[in-house]
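Put together the whole structure using the sequences plus the hints.
2 protein chains.
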Amino acid sequence: MTPTASTLAARPQAAARLRGVLSPVVTPFKPDLSPDPDRFVRHCKWLLKSGCSGLAIFGTNSEANSLSVEEKLGLLAALIHSGVPASALMPGTGHCALPATVRLTAHAVKQGCAGVLMLPPFYYKGVTDEGLYRYFSEVIERVGDERLRLYLYHIPPVSQVGISLKLIGMLLAKYPGIVAGAKDSSGDWSNTKAMLDEFGKSGFDVFPGSEAFLLDGLRHGGVGCITATGNINPGPIDNVYRNWRSADADKLQAGIGATRKIMQKYPMIPALKSVIGHFGNDAPWRTVRPPLVELAKEQEAALIPELKASGFAMPGLAG
Amino acid sequence: MTPTASTLAARPQAAARLRGVLSPVVTPFKPDLSPDPDRFVRHCKWLLKSGCSGLAIFGTNSEANSLSVEEKLGLLAALIHSGVPASALMPGTGHCALPATVRLTAHAVKQGCAGVLMLPPFYYKGVTDEGLYRYFSEVIERVGDERLRLYLYHIPPVSQVGISLKLIGMLLAKYPGIVAGAKDSSGDWSNTKAMLDEFGKSGFDVFPGSEAFLLDGLRHGGVGCITATGNINPGPIDNVYRNWRSADADKLQAGIGATRKIMQKYPMIPALKSVIGHFGNDAPWRTVRPPLVELAKEQEAALIPELKASGFAMPGLAG
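First to last, the protein sequences are chains A and B.
According to the working numbering, the first sequence is numbered sequentially starting from 1.
According to the working numbering, the second sequence is numbered sequentially starting from 1001.
By construction, these hints were calculated from the structure, which means they are not laboratory data.
Distance condition first, Cα-Cα at most 25 Å in a straight line; then the derived DMTMM-like pairs of lysine to aspartate or glutamate:
(1) B:Lys-1125 - A:Asp-129
(2) B:Lys-1125 - A:Asp-32
(3) B:Lys-1030 - A:Glu-141
(4) B:Lys-1297 - A:Glu-138
(5) B:Lys-1030 - B:Glu-1294
(6) B:Lys-1166 - B:Glu-1146
(7) B:Lys-1030 - A:Glu-138
(8) A:Lys-125 - B:Glu-1071
(9) A:Lys-297 - B:Asp-1129
(10) A:Lys-30 - B:Glu-1141
(11) A:Lys-166 - B:Glu-1294
(12) A:Lys-125 - B:Asp-1188
(13) A:Lys-110 - B:Glu-1071
(14) B:Lys-1125 - A:Glu-71
Dropping the structure here:
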């Protein structure tokens, strides 16, 4: 399926590459634990007007692995129907099962999404680079659309199955342009730096998986970050992105670190939802889907005042 | 949904509890990587006439986590349509996403399956017993069928999310009879023994996840085993099960250990498929779905002679 000049000319163009601050959007649930598309759309629109240049919906922080393929298709349709541009979207589409990954990826590409963020299949452990190469190759071949922009999702602390530099090299050699970049949520700057050093100059876009590495990443050729706290603190994080060459950059970076430090004392996903529920004056946001549990009352009672004391705010969130 | 005497009387009875040797049936694929129902049915029928008292289809060794829900529904339909009794089936139905687990579980129960073997949701790590309790409770409530016999699947080396004794106790207290047992694939006899000691006498059926613990399990109140090598060596393993009170039991147990020891030198799933392909004279069996890779030629060239030299055979497999 290597695209030729003629097929490229005959087909719709791929969306422009995303850069800047992307939020792995948390997914609101109704009391019956079904996804809540209205709250989801509202939060996505708030993020886009508050500093996010893109939305990495269906990520780890979205509880995406607790959603069925059909639920993800429904939420994506709701977003696009509401006027959120597909060119701002980088949905997570990786599942353990090849057909599920192909189905959601092909759909996202047809909808015009800027890219997809793809977990490796994560049930079987100790798999080889060759096995993962075959998996991603099968997905790319089956999707068979040169508009696909595939971002590899490296998050070994959760998935336990990672994306090695060798695997990136194998995939880039066969699918240049299609394999567009990676999110590195290893939490290991030396790995992010190695990705940037080895592949950054050849059009492979690296997003650190935390704003802690935003400035360091930008200084080494990174293109932004995709970070949990982007759900609640997009403006200040975007400010680092926009001003990373300024004399103030280190100070701005230190500022966003304070919010992250507070959040990291708590289980991240329930804590994000508590914060959105509190600052948006919208209690139903607190609901999480099992196996997660919402923040305990005493945890929230400690978290919110600490955030407020730090000067944290979510301007424009509460209707 | 606690069943009352009247609802129990009004509804079909649950199938009898499975005991003995269950095989987590390997799933054959066609060259295009789609499941091969004909080979699947043939292998299931061979297993049932060769020593297996039940079939734990869609287990870890079935590459079930590489199959979509729809593919599993298709294979289950093919089996039942072919005349394999649902009362011999314990399909794996656990997915990361609650709706997927509910969908496959409800279907299996409606089809009359003897039980379901349920993985915990395994993407999010470090989840609490409370979160897992809520997950399993939601599944049980949504399935809402008193014929459900749920076997908890404890396989921390792969899933990384386990089933603690505390969680079993919590679930048994709320859903006695529905929560019917567990497969313990921890590989840790002290954990299997603790499950048996704590819950074995109250009708909680424990299957060790390996024939290595078959005899020890039976001597402590276990009901059989569910083991990968049941795919190729069901007769001798069943022989231990049938004769565990005999004077020969330890000798029989030692005999099945030899086959396991040879298999454990290789990646288990591709090795099982190579052995079935070789002894069944049916090369297409070797196909695995990515991220797994088939056994290398030199590995198979070492494995098969070693098995033959040990006296291993698969009577009745080759047409």
